[in-house]
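Peer 1: Sequence:
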Amino acid sequence: MVVIAKDESHSTCVQVSIRTYGGRGLLAEGLNPHKHGIIHEVGTNPRRLDGEPAAGYPPVRAAIFHQDKVMPVESRVDYSKLVRVEHNVPVLIMGEVVQEDFDDVSLAVDECWLHKRH
1 MVVIAKDESH
11 STCVQVSIRT
21 YGGRGLLAEG
31 LNPHKHGIIH
41 EVGTNPRRLD
51 GEPAAGYPPV
61 RAAIFHQDKV
71 MPVESRVDYS
81 KLVRVEHNVP
91 VLIMGEVVQE
101 DFDDVSLAVD
111 ECWLHKRH
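Positions 1 to 118 (full-length UniProt numbering) are the ones given, in order, by the sequence shown.
Derived by calculation from the structure, the hints in this document are not laboratory data. A couple of the hints might just be wrong.
[Said to hold, decoys possible] Restraint-style ranges between C-beta atoms, simulated for each label pair:
1. Ile-64 <-> Gly-23: 15 to 21 angstroms
2. Leu-82 <-> Ala-28: 18 to 24 angstroms
3. Asn-45 <-> Asn-88: 36 to 42 angstroms
4. Ala-63 <-> Leu-114: 25 to 31 angstroms
5. Asp-103 <-> Ser-17: 17 to 23 angstroms
6. Ala-54 <-> Val-89: 19 to 25 angstroms
7. Lys-116 <-> Gly-43: 33 to 39 angstroms
8. Thr-44 <-> Leu-107: 20 to 26 angstroms
9. Trp-113 <-> Gly-22: 34 to 40 angstroms
10. Val-89 <-> Phe-65: 15 to 21 angstroms
Idealized CB from N, CA, C, for every residue including glycine.
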């Protein structure tokens with residue numbers, strides 16, 4: 001998941017999920033590719049799978065903290081599904097989106113939110 005915002009008390013944060021969709025990327029059924037983007041490790045190139053539709057948002061890079069963890073090439077960010085996570089829930093922090101790409105993440109989340117019915 002990519003943390004988008006934290007509340008003032010730091011008891012919760014809002015995130016968007018990173019998924020491989022069973023290794024199928026945006027080829028998985030029922031997805032709207034226009035609400036997704038590719039996320040890839042620093043030092044690698046973003047890659048679409050054979051036959052995979054184009055994502056709606058530009059690729060973003062992630063700096064991975066753990067040398068024994070690898071971000072699969074099928075990793076996709078679903079910018080349309082905001083997830084609230086309590087800080088007492090255990091999570092493994094693998095890395096972070098590089099600062100230069102975080103504006104792309106914020107804009108994608110904002111645009112997806114604006115297109116939802118309110």
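Peer 1: Confirm or reject each hint.
Peer 2: Comparing the hints with the structure gives:
no.: 1; hint: Ile-64 <-> Gly-23: 15 to 21 angstroms; in the structure: holds, 19 angstroms
no.: 2; hint: Leu-82 <-> Ala-28: 18 to 24 angstroms; in the structure: holds, 20 angstroms
no.: 3; hint: Asn-45 <-> Asn-88: 36 to 42 angstroms; in the structure: holds, 38 angstroms
no.: 4; hint: Ala-63 <-> Leu-114: 25 to 31 angstroms; in the structure: holds, 29 angstroms
no.: 5; hint: Asp-103 <-> Ser-17: 17 to 23 angstroms; in the structure: holds, 20 angstroms
no.: 6; hint: Ala-54 <-> Val-89: 19 to 25 angstroms; in the structure: violated, 34 angstroms
no.: 7; hint: Lys-116 <-> Gly-43: 33 to 39 angstroms; in the structure: holds, 35 angstroms
no.: 8; hint: Thr-44 <-> Leu-107: 20 to 26 angstroms; in the structure: holds, 23 angstroms
no.: 9; hint: Trp-113 <-> Gly-22: 34 to 40 angstroms; in the structure: violated, 26 angstroms
no.: 10; hint: Val-89 <-> Phe-65: 15 to 21 angstroms; in the structure: holds, 19 angstroms
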